[in-house]
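A.B. asks: If you read the sequences in order, they're chains A and B. Take the first sequence: its position 96, counting from 1, is numbered 112 in my numbering, and each next residue is one higher. Take the second sequence: its position 41, counting from 1, is numbered 57 in my numbering, and each next residue is one higher.
Keep in mind that a hint or two might mislead.
What the hints assert, rightly or not - Cross-link-like lysine-lysine pairs, in silico, BS3-like; alpha carbons within 25 Å at most:
1. B:29 / A:124
2. A:323 / A:292
3. A:124 / B:188
4. B:122 / A:172
5. B:188 / A:280
The set of hints was computed from the structure by calculation and includes no laboratory data.
There are 2 protein chains.
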Amino acid sequence: MKQAIQQISEPVKAAIEQFKTAYQAALQSDNALIRQMVDHVNQSSGKQMRPLLVLLCAQLYGDITPATLHAAASIELLHVASLIHDDVIDESNLRRGEPSLLAKFKSKTAVLGGDFFLSASLSEAALTGHIDIVSTISDMGKALVKGELLQLSGSKDAIYNQNYYFGVIKAKTAALFCTCAKLGALSTLKELDDKAQRLIEMSENLGICFQLKDDVFDYQEGGHIGKPVGNDIQEGKMTLPLLYVYEQASNSEKEEILQAFNSKDIAYIQQLVVEKGGMDYTQQQITYYKEKALQCLQDFEDTPTRKAIEQFIALVADRQK
Amino acid sequence: MKQAIQQISEPVKAAIEQFKTAYQAALQSDNALIRQMVDHVNQSSGKQMRPLLVLLCAQLYGDITPATLHAAASIELLHVASLIHDDVIDESNLRRGEPSLLAKFKSKTAVLGGDFFLSASLSEAALTGHIDIVSTISDMGKALVKGELLQLSGSKDAIYNQNYYFGVIKAKTAALFCTCAKLGALSTLKELDDKAQRLIEMSENLGICFQLKDDVFDYQEGGHIGKPVGNDIQEGKMTLPLLYVYEQASNSEKEEILQAFNSKDIAYIQQLVVEKGGMDYTQQQITYYKEKALQCLQDFEDTPTRKAIEQFIALVADRQK
Numbered sequence: 017m018k019q020a021i022q023q024i025s026e027p028v029k030a031a032i033e034q035f036k037t038a039y040q041a042a043l044q045s046d047n048a049l050i051r052q053m054v055d056h057v058n059q060s061s062g063k064q065m066r067p068l069l070v071l072l073c074a075q076l077y078g079d080i081t082p083a084t085l086h087a088a089a090s091i092e093l094l095h096v097a098s099l100i101h102d103d104v105i106d107e108s109n110l111r112r113g114e115p116s117l118l119a120k121f122k123s124k125t126a127v128l129g130g131d132f133f134l135s136a137s138l139s140e141a142a143l144t145g146h147i148d149i150v151s152t153i154s155d156m157g158k159a160l161v162k163g164e165l166l167q168l169s170g171s172k173d174a175i176y177n178q179n180y181y182f183g184v185i186k187a188k189t190a191a192l193f194c195t196c197a198k199l200g201a202l203s204t205l206k207e208l209d210d211k212a213q214r215l216i217e218m219s220e221n222l223g224i225c226f227q228l229k230d231d232v233f234d235y236q237e238g239g240h241i242g243k244p245v246g247n248d249i250q251e252g253k254m255t256l257p258l259l260y261v262y263e264q265a266s267n268s269e270k271e272e273i274l275q276a277f278n279s280k281d282i283a284y285i286q287q288l289v290v291e292k293g294g295m296d297y298t299q300q301q302i303t304y305y306k307e308k309a310l311q312c313l314q315d316f317e318d319t320p321t322r323k324a325i326e327q328f329i330a331l332v333a334d335r336q337k
Numbered sequence: 017m018k019q020a021i022q023q024i025s026e027p028v029k030a031a032i033e034q035f036k037t038a039y040q041a042a043l044q045s046d047n048a049l050i051r052q053m054v055d056h057v058n059q060s061s062g063k064q065m066r067p068l069l070v071l072l073c074a075q076l077y078g079d080i081t082p083a084t085l086h087a088a089a090s091i092e093l094l095h096v097a098s099l100i101h102d103d104v105i106d107e108s109n110l111r112r113g114e115p116s117l118l119a120k121f122k123s124k125t126a127v128l129g130g131d132f133f134l135s136a137s138l139s140e141a142a143l144t145g146h147i148d149i150v151s152t153i154s155d156m157g158k159a160l161v162k163g164e165l166l167q168l169s170g171s172k173d174a175i176y177n178q179n180y181y182f183g184v185i186k187a188k189t190a191a192l193f194c195t196c197a198k199l200g201a202l203s204t205l206k207e208l209d210d211k212a213q214r215l216i217e218m219s220e221n222l223g224i225c226f227q228l229k230d231d232v233f234d235y236q237e238g239g240h241i242g243k244p245v246g247n248d249i250q251e252g253k254m255t256l257p258l259l260y261v262y263e264q265a266s267n268s269e270k271e272e273i274l275q276a277f278n279s280k281d282i283a284y285i286q287q288l289v290v291e292k293g294g295m296d297y298t299q300q301q302i303t304y305y306k307e308k309a310l311q312c313l314q315d316f317e318d319t320p321t322r323k324a325i326e327q328f329i330a331l332v333a334d335r336q337k
């Protein structure tokens, strides 16, 4: 995985180092507790796929500028802030295989930790010097709140259908990927034209792939996302593999599924989802969105950067862990 | 109180209505739960003294522009966001005499409610069109986190001295007031000169007055801030009236005070603070900072706007509830 990302990063290698410098600079603080929280979060900093997407999109659309680097830092900081608050909300003690900020510090402190990352995201947006980029980040902040609330309501009100599910992932993961493409294009300082729209569309499809793949991993031992298997079920989230099976089921089967889901019988549900084709169906959907994402790149010149984005899409869709 | 604020608002009356429109527009959402939260928060919207300060400072320094209105909305939204998260952190069920967002919704939802107000603050900052204003808001966001963490650490580590206390209120309340003056001046699109510095200094002193007065009210029945008497003690916060008495006390008296403080013996502490001069001392400090704030206005022309700011300072320092 790491090697594949390195290869994809090749066309924007120098820019990635500059992005990292901006990212770290935004998190400086003279407060010891803030530094401890930042260090803890940075220890498991993830694959930073979103800033990579910003840089690649900028380079494909125009040229990487200093604004691109700050925009990449801003979106990654916003993403991390939302993960911190999501962990507080979901009472998740694991993040990327390590104790979450919530687990390490108290809930109170973790709320403030998320707020600090959110403010840092805003500083980086300001450093781009472009008001359109600031608005894009603030719109994304609102969208993430809405996405998380939709997800909470869905679990609470037991709304189990694909339509609702796709609404949630479009509002959360996919919207974040779209924003990466938009930021990349805006930061080149060119007007946004049809090609920018194609990049944004590509990113939406890529984001859906990414989320569906995460959902699949939740049913597999040794899944990559550093959460225990069945974590989604544990948190009361019915994702696509199970939703498909649920929608296909007879009324009496539906009752059985709900009983197992509500009593968090992970082993039973795992088996059912495999047997009844939930995994295969989700895999088909992943392939469908992967192809859609690749199609969006057709009008772009065949450069190493375009190739890198194609590899990015393939990696997201086909990764095995 | 309401009448006094109306009088102070007179020179910027039209602008206040425009600020309110911008504030409400920033909180629009197509999500029902977000709308419920916004409505709940708006029901007890407070005195909105910070946006009033932005408008008055802008008018004293230059001219109110559309950027002034959005900056005023942005700082008020940031302030409300921080109150929402503070209530989650302090587990406060009352805010301005009404159930807090935490009390009405669950802690999870209230965290997201705060995030929504924070994102709305950012949208309004972007609408000013001025990157310096966006940076000022993001710096303030970081400062509020730091202030709240300082306060939490102070309570946890039992740091009881005036120096630390003033550090906390400068980082929280006073910094927010300073930012109002800075936003007011920046939004006139004039360069910031010595006069802007005087306005910022005035606001810092005003902010300290404001906080000290709140601290006094916490010891008085029928205090204005819509929290029960002794709420600070309940939350483990030792504020100036008690800090003064504590610092003056002998070692054995200190032990007694700490015992009463830790066991939240509010009646005993209230009586002690009055008897040992803690209230008088705090009142002297309020008068000291009030005079300092008024002095900062000396170089400004004697206009109705300057007069309104002077009345603002007097109101904050002398209000009886």
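A.B. asks: Could you tell me which of the hints above the structure violates, numbers in ascending order?
C.D. replies: Violated: hints 1, 2, 5.
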